[in-house]
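Using the sequences and the accompanying hints, generate a full structural model.
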Amino acid sequence: MATLQITDLHVSVTTEQGERPILKGVTLTISSGETHAIMGPNGSGKSTLAYTIAGHPKYTVTSGAITFDGEDVLALSVDERARAGLFLAMQYPVEIPGVTVTNFLRTAKTSIAGEAPAIRGWSKEVKESMEALRMDPAFAQRNVNEGFSGGEKKRHEILQLELLKPTIAVLDETDSGLDVDALRIVADGVNRARENTGLGVMLITHYTRILNYIKPDFVHVFVDGRIAEQGGPELADRLEQEGYDRFLEPAKVE
Amino acid sequence: MASVAIEPAQHGLVAHSDGPVVPVQTRDERPTSFDPADFGVPTGLEVNWRFAPLGRLAPLFEALPADDRPDDPAVVFEIIAPDGVVASPLARGTAPRGEIFRPEDLPSALAWQLCDDALHLTVPADAELADRVRVRMHGNGAHRRSNAHIVIEAKENSRATVVLGHTGSAQFAENVEIIVRDGAHLTVIAVQDWEDDAIHASLHQARVDRDASLKHIVVSIGGGVVRVNPTVRLAGAGSQGELFGLSFADAGQHLENQVFLHHEGPHTTGDVLYKGALQGESARTVWIGDVLIGHEAVGTNTYEANRNLVLTPGARADSIPNLEIETGQILGAGHASATGRFDDEQVFYLTSRGITEVEARRLVVRGFLNEIVQKIDDEELRSRLEAVIEEELAGEGLSGEGAARS
Ligand SMILES: Nc1ncnc2c1ncn2[C@@H]1O[C@H](COP(=O)(O)OP(=O)(O)O)[C@@H](O)[C@H]1O
Ligand SMILES: [Mg+2]
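As you go down the protein sequences, you meet chains A and B in turn. Heads up, the first sequence is in the working numbering, so the first residue is 1 and it goes up one at a time. Heads up, the second sequence is in the working numbering, so the first residue is 1 and it goes up one at a time.
I should point out that these hints are in silico values taken from the structure, not numbers from a laboratory. Glycine included, C-beta positions come from ideal geometry on N, C-alpha and C. It cannot be assumed that every hint is accurate.
Unchecked claim - Ranges between beta-carbon positions, derived for each pair: (1) A:137 - B:252: 45 to 53 Å; (2) A:138 - B:383: 23 to 31 Å; (3) B:313 - A:134: 43 to 51 Å.
As structure tokens, this is what we get:
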């Protein structure tokens, strides 16, 4: 059983005006097999948390720690984190002109596994995952994220999740911009990964809608760079009814 | 185009237009001459020398004969031609040398005057060559001058690919005259893969006749200063010109291309795309692209673009596209130019999937250049390009920049 442990994490972002603190003491533990929903209003720092776990160079950890099975994640480079079993499904995946999905997936799999996958089995696996995500086979020959619709980008992120088989995945607003059908397809993909590999999930979302398809074990309310409240799935139901106002009031007074 | 002019005897600058030649305006009116004295030594104010490192190019402004020694030429020519292709020497004044070629700067006029025996490659009428014609030029020393004139003549309805390769080192002034006769389809690939201390000035001039096509590709990956300027005239009705270029400039290299595509005949099609990657202190590329749609060129469809990817600070790409249209009745014309910095977000995305940073950079650069690489129908050259990209991006010099490490 693998565990990602975040302890009193403070993170600032480099802006033209200098360093700006965003995360103000986040403590959270996710183990394989668990699904944690992180819910919060826009601008509360959810993506900052996701990027910091993945190691994006724009974000600086000013204090606190992240460990993965006891290993210091902050001492690892971005690619080392991925090879250690961490995965980030991005909110805004970037285009990589001239690099086909096929080439990209094979290169990533080779890097993670430490050796090139057997051609036959790999092609079959890619094909099956794409079918399950209702992706047109022609997709494989397109350039990574180039000209993809919002929904196609999200399916492509989940395709990678299924193929790269991480231990812990952070899904950053994978639900945003998806219609109900697409949402169900993407959620099925995540659920398959949970069942097949015992994936631990940090499910970042603004809305409760996706929680109807991916059932969380824990819900954390994220406000102004901190976890303001946590509980079980029933907390999501409460947010559905009340929204985030209750949490925002004290932040204003501050 | 009817008359075949063999080296006009008169001196003095010749312009295509009638009447007095005072200000140089359209690209077509740029002066040409077979007499080096008419050009004078460039000062850097001339429109075609503005971005060039004149100091480093200075040896090619001198009227020096080839520094050939017994059994040791300055530049060795090795010609590999499939059956049917004729390779023969061609003296000045012998057709088709000079049928279309007009020197348009000092090094090209010098090369014209100083090369006694041009290389004439003839693809016979109706021949369809499965194998490539290769001209391998290898320079035997960085301070050794050589002057060359090469005439590539694709006769009526022939089909061939000619690869001009340059390796080693030299001070090389080179003219390439390309004649694509009616209905012929010719591909010319010029590869500059010199050592770091080579200097090379090359002027390619091509005429494409009725229903003929030319695919012209310039690949510059090695050399100190490399300037390859292709001019292609789509003279015949229905002719087509594809002008592609790929360059990879690293520290201290200056790679330049001045591309001129002239739509002269009706219903001609043009496609110009040059891509350049740059990395390292004072790596430099210059691209000036002119497309001229002449009065007669009704029904023209043309597009030109130059895109550069600057991988590290300290590298610089100049890019100047021009489009002149002298007739209103065209199908389409456009141009684009973009120079972008290396995108760290792309590297982050790839590394977040476990791919190492070096490999991620390689993927991004390869992806960027791929649009041109996939147009190169030559396995040997494609694998050479792969190796070059690999070498260039393996360097320690890169790992510090934009490293995605927290
Ligand atoms: N790269 C950045 N540059 C400048 N400001 C940023 C950057 N990333 C995040 N921020 C700021 O940090 C705050 C939190 O942003 P983010 O983590 O994206 O929130 P969320 O994902 O919850 O919407 C916002 O105010 C945002 O403007
Ligand atoms: Mg966000």
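Worksheet entry | Verdict for residue 313 of chain B, residue 134 of chain A (Cβ pair) under range 43 to 51 Å | 44 Å, holds
Discussion item. Taking the Cβ atom of residue 137 of chain A and the Cβ atom of residue 252 of chain B, is their distance within the range 45 to 53 Å?
Written reply: Distance hint for residue 137 of chain A, residue 252 of chain B holds at roughly 47 Å.
Practice prompt. Take the C-beta atom of residue 138 of chain A and the C-beta atom of residue 383 of chain B, compute their distance, and say whether it sits inside 23 to 31 Å.
Written response: 28 Å, holds
In the structure shown, no violation is registered for any of the earlier numbered hints.
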